[in-house]
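So the protein lines, in turn, are chains A and B.
Read left to right, the first sequence gives residues 1 to 467 (this note's numbering).
Read left to right, the second sequence gives residues 468 to 793 (this note's numbering).
I should point out that these hints are in silico values taken from the structure, not numbers from a laboratory.
Ideal Cβ positions, reconstructed from N, Cα and C, are used throughout, including at glycine.
Honestly, I wouldn't trust all of these hints.
A few chain A residues that face chain B, going by a derived Cβ cut-off under 8 Å, partial list only [claimed, not checked]:
1) 109
2) 202
3) 216
4) 282
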Amino acid sequence: MRKYFALALALTLMATMFVGVASAETSKVNWQAYAGTKLQVMFNQHNYQKAITDYGKLEEFEKKTGIDVEFSVTPEENYFDKLNIALSSKSGEPDIFMTGAYQVWEYASAGYMEPLEKYINDPTVTEPTYNFADFYPGVVGTLAWDCVPGHPVGSGSQWALPMGYELNNIAYNKKYFDEKGIKLPTTTGELLETAKSLKEWNGTGSYGIAVRGTRNWATIHPGYMTLFSTWGAKDFAIENGKLVCKLDSPEAIAMTDYWVKLVVEGSSPQWATFTWYEAGSHLGAGVAAMLYDATCNGYFQNYPAGASAQSGNLGWYAGVVPDGSGLTEKDIKSNVWVWSMGMNANSDNKGAAWLFLQYFTSPEYMLFSGTDGACADSPRKSVADSDAYKSVVGKSFGYLEALDTLLPNATIQFTPQPYFFETTTEWAATLQDLVEQYRTTGSCDTAGAMKALKQKLDIAVEDLQIG
Amino acid sequence: MATPKIQGAADLNTPPLKTRVRPYLIVAPALLITIGILIPFAMAIYFSLTSYTFRQPVANFVGLRNWIRMFQDSQFWNAVWVTLRYAFWSTLVEMVLGLGIAMLLGSLNNRFSRILRVALIFPLMVAPVIGTIIWQLMLQSSVGIIDKFFNLLGVYGMQWGASQKTAMMTVVMIDVWVNCPFVIILILAGIQSLPKSPFESAKIDGGSAWFNFKTLTLPMLKPCILIALLFRLMAALQEFSIIFALTKGGPGDTLMSLSVTAYTRGYMYQKFSSALPFILILWLIVNIAASQIVKAWRKAQYQATGKDLEEPARKKHGRVRKGESA
């Protein structure tokens, strides 16, 4: 009897072992399948790029796969020009490139990007631990689109995978604000007054708030577009089957009018030459007291210790709402930018390229990039919920709280359409004209300028077919 | 009685085949390069008549649609004006400054002037884009050395490239810094090749420095000056890298020259065929300006040296210069 009992127990134990083994999926991925392949990767100059290239992670990937990776790094102001030319040549190079959500509208429409769902869903090339569902749907969904102008993102093919995302809020010199007892502005009126009062707060040349200002689409998309959307304005709408520009709406005019005043009275006189780099570095250098820009732009000035002169002195909060709107910070409609990586549809090395994409968007790598890699705003829930991530990013005062406040309403506030570069660049040029007018004469014809811009952009998009 | 033809006399008058073919062989490499340039030029004209974009790379013929739209676009006329203004001011400053500095260097012959001659060439060794980035840093309000210098003089808040009022001045300043050495070298070489005897005679006759400059130096240097003008004007009309690196054509459309506008529309907006008419008009402007300067140079060359480079060709074809007899 005892013998039978022992046998039954042993068999039961063995059965549970096999069950345990069967339920843990075995990897079918051959990471050495493309050994000897040479991959070309184009990066924009960014902390997300540095996390891949500067900490030995690329060498780890090369050792694991036998794939030789050649990469280039280009500053953002010129990156997309270079990428446009490379992709339109259809040469197949680069195999992998950094891109943003908005660029997917142009590149995917033109057939430059490889849809990724067939790789993601293929267990022979994707590890079971990759866990695509771990990405925030609101983040990874911005990189999915059905390529119909006017249709929202979130459906259709998955064209790229996120490296990190950016919301837009206000970073400020917390040390100075605390020392002087300055209250954080919560409305647009308060922000304007605070920015004006902070002129030369830290010596000659210092000023209240840094925002971007070049003749470039990147001037429109961070703080400007966030406040624009919170104000209730839209860039385009679909009317009678056509895309119609809405930049002449009362909300768009009022918001732009406010922004012009903020720039002239509260920002740098050299605003029109400010890119991401100037705006962020001025906060870090103690030239700007505040920064209305991407969440992580200020973060890179604050962490790690010694990243800038003001490292450790900065804080974050959600931002401001229009005066008299009755809105609170929870109603702020932050625009979202997602730095991501895509695969060239004309690449000759798609298998190897997928291994690269998978590796550098995996949970393991993203835990590193979100902590030691100094890349805040991890697009993976598991990483954002981890103690390791929270202990690092939480050191930046108010950073995680600001993200929690903004996330529910954050999305891409632009209307997806393939002429995004053209429409937003002309928009930025109009903004520069208005700022110059206001600076020179003390007033500007915002309504006239926005109406003229609307006419120009209606012509620019008139040939788009709305499905 | 007719003079008997001496056998072989015709052979003596006709050069050997090797000699006759030689000019064509010398020109052949240049011809190959010219064909290499003409093919893209012809393609540019062709694509300007189509609806080709990088997004939809199909060259459907649309006739003059792109051209008509360009002439109706206020941005085109602004671009022409910006191009001409930029070329005028940058060339003018470079020529005047270049001539002045070359005259000074030519009149000195000591260790200091020899060191200065080398030092003044340094900006030419810097790529215009790098030069622009250097200047951008120097002009920055937070860390820029030039801006700090202006602060010492009590001038604050200079906007440089960030203002529509000062953006043109800023890019011209950078252009002058990069390209003036070219003018200096060219004119200095001209000065050093001038004959000494007229100046010695003028000195004996008691001519003033201004008189010598006006009646001797300037006329003899004119061909050299015109060559420098030709190169600089052609380059200034086509300038792209300095403007693009500094402001991308902004603020607003202040610096949107023909080349920057064409690049923006062609490569940033990906509307390739509608960008080409801009660049073809630029070619036309450069062509007209260059041909006028070359005409003036030939005339100046004749006046300066008494040599007419076209004389052999004119005599061969029976053309006479005004005032000459055949």
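Tested hints:
1. Annotation: interface hint on residue 109 (chain A) holds; nearest CB of chain B at approximately 6 Å, less than 8 Å.
2. Checking residue 202 (chain A) against chain B: minimum C-beta separation of about 10 Å lies over 8 Å; hint violated.
3. Among the interface hints, the one on residue 216 (chain A) holds; its C-beta lies about 6 Å from the nearest C-beta in chain B, closer than the 8 Å criterion.
4. Hint status for residue 282 (chain A) relative to chain B: holds, with the closest Cβ pair at about 6 Å, below 8 Å.
Violated hints amount to a single one, hint 2; each of the other numbered hints is respected by the structure.
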